[in-house]
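Asks: Sequence:
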Amino acid sequence: MKFKRATALVLALGCLTGFAQADSGYLAPGDRPDLTQILPPPPAPGSARAEADRRIYVESRKLKGSPRWQRATDDVSGSQFDHFACALGIRLTKEEAPVLTRLLDRAGADRSVVGDAKRHWQTQRPWIGNDLPICEPRTDHLAGNGDYPSGHAAHGEHVAMILAAIAPDRKTQLLARGREFGDSRWICGSHSQSAAQAGTLSGAVIFAAEMNSAAFRADLERARAELARLRAEPHAAPEPCGANP
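Take the sequence shown: its letters are residues -22 to -1, 1 to 223, numbered as in mature numbering (1 follows the signal peptide of the UniProt record, and there is no 0).
Hints are computed from structural coordinates only; laboratory data are not their basis. It cannot be assumed that every hint is accurate.
With a straight-line cut-off of 16 Å between C-alpha atoms, the simulated EDC-like cross-links for lysine to aspartate or glutamate are [claimed, not checked]:
(1) K72 / D60
(2) K42 / E29
(3) K72 / E204
(4) K42 / D60
(5) K42 / E114
(6) K40 / D109
(7) K42 / D83
(8) K96 / D12
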């Protein structure tokens, strides 16, 4: 009898947790993509691409005060559910979407490969050494965190691809939003354009690697079922896409 009770408790706990620890990610060490081998290296100082990054950074400072600048500012922080509400067509919370939340949290641990690449190249952010405006505070932490590739841009594309996989009828809106989220980083001025583009590519690479994981694919199916149920329930419509996605 004691064995049966213990077994039942273990099964119950398994149903409650449903996923492995979020900080473990889905990718084993040997399955983690090496972004230093996949991405092109950052532009060499003095190269045509480096000069293009510099010009784009300077010219895009004129966007300060515009609606696109405000969107880039909003993309610096906040809930991923809020960031993608318009593209997904529904505004969710982590409390009402625990399965999807857990999936996104665990998948997020796989983005640590972006930090590995940053440390490998350790490139300087475009705002260092000038006083042109950027859309977030100039902190020591930000300055010490390499420019290339952008972690925020990787996050945006990675989340967009996960959501597109579980809501394929919204794939166009979601993938466009993922690209826009990456663009927000060079519009903000926190990153060079090449770093933002490399970050967007990184997010897609990480998603592709995760698709080889049976656990990841199984959790996508769980999240797809949860989202289908939530979309069938009444929800307040998100703001218009052109206003504040």
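Asks: For a C-alpha distance cap of 16 Å, please report whether K96 and D12 respect it.
Replies: Roughly 12 Å between the alpha carbons, so the hint for K96 and D12 holds.
Asks: Given the hinted pair K72 and D60, is their alpha-carbon gap at most 16 Å?
Replies: 11 Å, holds
Asks: K42 and E29: Cα distance at most 16 Å?
Replies: This hinted pair is violated, its Cα atoms lying about 22 Å apart.
Asks: K40 and D109 were given as a pair; does the straight-line alpha-carbon distance stay at or below 16 Å?
Replies: 14 Å, holds
Asks: Sort out whether D83 lies within 16 Å of K42, counting only the CA atoms.
Replies: Violated - the C-alpha atoms of D83 and K42 are around 32 Å apart, more than 16 Å.
Asks: For the pair supplied as a hint, K72 and E204, is the alpha-carbon distance within the 16 Å limit?
Replies: Holds, because 12 Å separates the two Cα atoms, which is no more than 16 Å.
Asks: Straight-line Cα separation of K42 and E114 no greater than 16 Å?
Replies: The given pair, whose Cα atoms are some 12 Å apart, holds under the 16 Å limit.
Asks: Next pair to validate is K42 with D60; report whether the Cα-Cα distance is within 16 Å.
Replies: 23 Å, violated
The structure does not agree with the numbered hints 2, 4, 7 stated previously, though it agrees with the rest.
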